[in-house]
Amino acid sequence: MIPPFLGKLPLYWKVTIAIMVSTVVVLIGSYAGFVVLETQTFRKELLRDRRGFAEVTAANVSAALVFEDELTINRNLESLKGVSDIQAAYVVDKDGFVRGRYISPALPLSVERAPIDLPVDRVLGASLPGAFAVQTPVTSDGEVIGALQVRVSSERLEERVSRYQRLSVVVVLFAFAVSWILARLVANFVTVPVSKLNEAMQAVRGERDYGQRVDKRSEDELGRLSENFNAMLTEIAQRDATLEETVRERTEQLFLSTEKAKAASRAKSEFLANMSHEIRTPMNGMIGMTELLLQTEMSSRQKDLANVIMSSGVSLVTIINDILDFSKIEAGKFKLVNAPFNMREAIDDVVSLVAGAAEEKKLELVVRYHPDLPESFVGDGGRIRQVITNLVGNAVKFTEEGSVRIDVDGQVKQGKARIYLAVTDTGIGISKEKLPRIFEKFEQADGSSARRYEGTGLGLSISRSIIELAGGQLQAKSIEGEGSTFSFEVRMSVADSGVEINLPSDALEGLSVLVIDAKDQTRNVLDELVSSWGARVDTATNAKRALQIMKRSPQPDIIISDYDLPDMTGDEFCNALREDEATSRKPIVVMASPSQIGQPTRDDGLTAFVSKPYRIEPLVRAVSEAMVAAGTEQAKTLTEKGRLDEKGNATVPGKDEQDTPKAQTPAGNGLKILIAEDNRVNQLVVTNMIAGLGFEIEIADNGKIAVEKFKEERPDLIIMDVSMPEMDGLEATKAIRAYERETSFGRVPIIAATAHAMEEDKKRCREAGMDDYVAKPLRQDAILAKIKKWISEEAA
Amino acid sequence: MKGMRSDIRSGPAALRVLRGISLSLGLLFLALQPAHAQDDPGSVVLKIARFTTWPASAEFGQTFRICLRDDDPAFGRFVSLEEKTVGQKPVSLHAVPPSLLIARPCHLVYFSNGFADPQTVAGLKLRPVLTISPQPGFAMLGGVVEIGQTPGRFSIVIDRQTVIDHPLTVSAQLLAMAQEASQ
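Order-wise, the sequence lines are chains W and L. Counting from 1, one number per residue, gives the positions in the first sequence under the UniProt record's numbering. Counting from 1, one number per residue, gives the positions in the second sequence under the UniProt record's numbering.
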């Protein structure tokens, strides 16, 4: 672990300090070791030498000691005088008595003139202050008879140590000097290349200058590091060059690939559009012709066969539309448009569409639209209608008995609505395994090879995409064998000037209404709806109970009854009411299937028939007119609010003006209609649809001819196909409008006949100058309604 | 000692008596003092023997043989030596008739003062026998070590030529204490 203060030091100083410390420590350590060793050796040699003297002297004095001849002993000890560092010598007998002594003048006065107490029988040494004591035994015939103890001065040793100490200062200084020089050399050797390398790296990093190179100063690791650094920079420069080239090539390839993909996508889109158009055109002919065929005299078998052709054609058109939508979603070109639309009406349209199928299966088809929820919103009504159609169509398709219920609820806050729509059925349901994949394309609840139900498997996938594009989420809950609920929630703005078909909440304030229906859901929904108008509602599940209620006082003012009552038919119930004088003048609204409604001659002014499953508009109109028939005061309020006209006919403000006139046969009276259509079959279909009505019909095979014929013939109305060769309908319309402006011609109504019935297509048509549009495949009632509408306006 | 006696004679009578008593007591004390080690001839002989080396030819068994004339009165004072050793050999004491001293195997022969007859000493001169005696002139007779008569101090007297020619080796340390016999 490097201490923090060292970590901040430059490499140069780190290396210098490391080398200096290690060099000084080694040198001083070596010197200290040398001094210790040298001193020890000197001491040992000194002692050995003096011990030798002592041993010789001890041998010499042995006889004298034996014979206690102290004179001889002292004479022998005197011989030590020549040894300068022997300060004293003592001969002691084995009892410790001093038998002889020698005292050198060099012995300090402070030192006691006596031997130290040591065992006599051993060779011993002892350190004394400033001296050593060396003792050797004196023997005779192998027997220890005493000892000679010599005091040797340690002055020489101390002098030597002192000399070494003085020398150590020089050694330390020398060590520092050597280490400093060494450290400088090594540090320079290491740090200079590293610094150069670092500078080069900073230049590379900061300026992206890969041309930087470092001089190689040695052949060691640092030299190789510099060499490798230079090589690395060269490689980076080369790689960059290669990379740029590669990027350029890849970009080109990518661009080409993208262009190819775009071209392929365009080709695909064009192909789909063309295919769609090419398929729709013969479908248009087939459906149109079948419709005309159905109007001719045919046997019932022929009629059945023609109906099959008709329904098959309609199914095929639906499939084509799904495929087209799917391809648009796949291509990311699927977009929603925002325009005001009536949600309630959209749901009613869908319900009307599936009503026949539901009636065939005897399914109870119920719409519960929350009475407080507005009807007009800003959104893509066509696509919302498509989703609801898909969900309700699936519900009817996969339900064999029971009911299909549509619930619409929501909240409105500051002009923004959160709408929740759920379609619940009592059908076959979806297995747990299938449910998570139900929104995936080509997935179907009944995916078995022997499946009973038709379909492409695209409907739910498209629906999910539409809802997601609208900012919502489509969800499904299901229990296999019990039924399913598909729901979604979307946010839309409430249309400020939208049409509200439903009656105001106080429309029936003070009135009493009897609702008769054996089906609980329908009865409850009607109860809720009529209650929301302010009426007091009584309900009955059968005619008998209803008649009992009618006998009460006060009687209900209006009766709303299902045709299919358990105990009698609608007709029988009406008769029963009319036969009783008390109830004979009570207005009744009967909800019946189209086949049960019968002829208008049955209208007695008090009985109104509404197709079931009921749409809100016919029901509202029927109830409004029933109020007039009942002579209620509330009818006057409705008139004031514009919901009834002066004649007592029900109206829907803002809607009646927009509404397409009913498909009534318009009177031609020699008016000239120009039909611009390139397809012969379609020409034939349109011609046959309006033939025999007194119109003079002109055909143009393309837009260019249409413009020419417009100039020559001055038609009163033009039905213009949008897709045509040479000049399409949009270009032709623009040319006609331009000609009208130039020549001050009156504006001729141009009705677009287009298979592209989406909002964006309508918008393109309007922008080109067209006045209206009719969707392909053409249906006779639709085209006649449009002709009537625009001829009437022209006349007006 | 001579000086001291003259001082006593020159003092008053009382003092003379006192001095006389003191002198008597002193003499008595000296007389009662144990004999000095150097005064024991056995001990001295043994110490000298320890500083002497015999040639290999002087192997006379397992003991160190000390011989005295059978008529030597000091024999009794040598008896205690039989517990001692010389050169790791236990000492054995032998009383030998004078006529047989030359023939008998002895490492050491001791002659008390007056018992060293020149004939025997001369006979032993060239034999590896350490001859010791306190008899004055013994060294000159050919004896190896003559114990000196220096008062208060042990001394030995040797004849250089005898020591040099003798088969025995007397240590230099002992010789360092010796006085050379004068002619």
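It is possible that some hints are incorrect.
[Said to hold, decoys possible] The calculated lysine to any residue pairs, modelled on SDA-like cross-linking and capped at a C-alpha distance of 20 Å, are:
#, chain 1, residue 1, chain 2, residue 2
1, L, K89, W, G142
2, W, K94, L, R77
3, L, K84, W, K641
4, W, K672, W, V748
5, L, K89, W, D141
6, W, K81, W, K94
7, W, K641, W, T743
8, L, K84, W, K81
9, L, K89, W, S140
10, W, K94, L, Q161
11, L, K84, W, E143
12, L, K84, W, V98
13, W, K672, W, K711
14, L, K84, W, D141
15, L, K89, W, K641
16, W, K711, W, E696
17, L, K89, W, E143
18, W, K94, L, S99
19, W, K704, W, T743
Keep in mind that the hints were calculated from the coordinates and are not lab data.
Practice problem: Given the hint that W/K81 pairs with W/K94, test it: the Cα-Cα distance must not exceed 20 Å. | Solution: Distance of about 25 Å is beyond 20 Å: violated.
Quiz item: Quick one, are L/K89 and W/S140 close enough, alpha carbons at most 20 Å?
Solution: holds (14 Å)
Exercise. Take a quick look at whether L/K84 and W/K641 sit within 20 Å of each other, Cα to Cα.
Key: violated (166 Å)
Quiz item: Within a Cα-Cα threshold of 20 Å, do W/K641 and W/T743 meet the stated pairing?
Solution: Violated: W/K641 and W/T743 sit about 45 Å apart, past 20 Å.
Practice problem: Sort out whether W/G142 lies within 20 Å of L/K89, counting only the CA atoms. | Solution: holds (12 Å)
Self-check item: Proposed proximity, L/S99 with W/K94 (alpha carbon, max 20 Å)
Solution: violated (42 Å)
Self-check item: Pair hint outcome, L/K84 versus W/D141 [Cα-Cα no greater than 20 Å]
Solution: At roughly 12 Å apart (the allowed maximum being 20 Å), W/D141 and L/K84 satisfy the hint.
Self-check item: Agreement of W/K672 and W/V748 with the hint, judged by alpha carbon distance not exceeding 20 Å
Solution: Holds. W/K672 to W/V748 sits at ~11 Å (cutoff 20 Å).
Self-check item: Given hint W/K81 paired with L/K84 - CA-CA distance at most 20 Å
Solution: Given that 20 Å is the threshold and the Cα spacing comes to 38 Å, the pair is violated.
Quiz prompt | 20 Å limit on alpha-carbon distance, applied to hinted pair L/K84 and W/V98 | solution = violated (26 Å)
Quiz item: Hey, W/K672 versus W/K711, does the alpha-carbon distance stay inside 20 Å?
Solution: holds (13 Å)
Quiz item: Quick one, are L/K89 and W/E143 close enough, alpha carbons at most 20 Å?
Solution: holds (14 Å)
In the structure shown, a violation is registered for the earlier hints numbered 2, 3, 6, 7, 8, 10, 12, 15 and 18, in ascending order.
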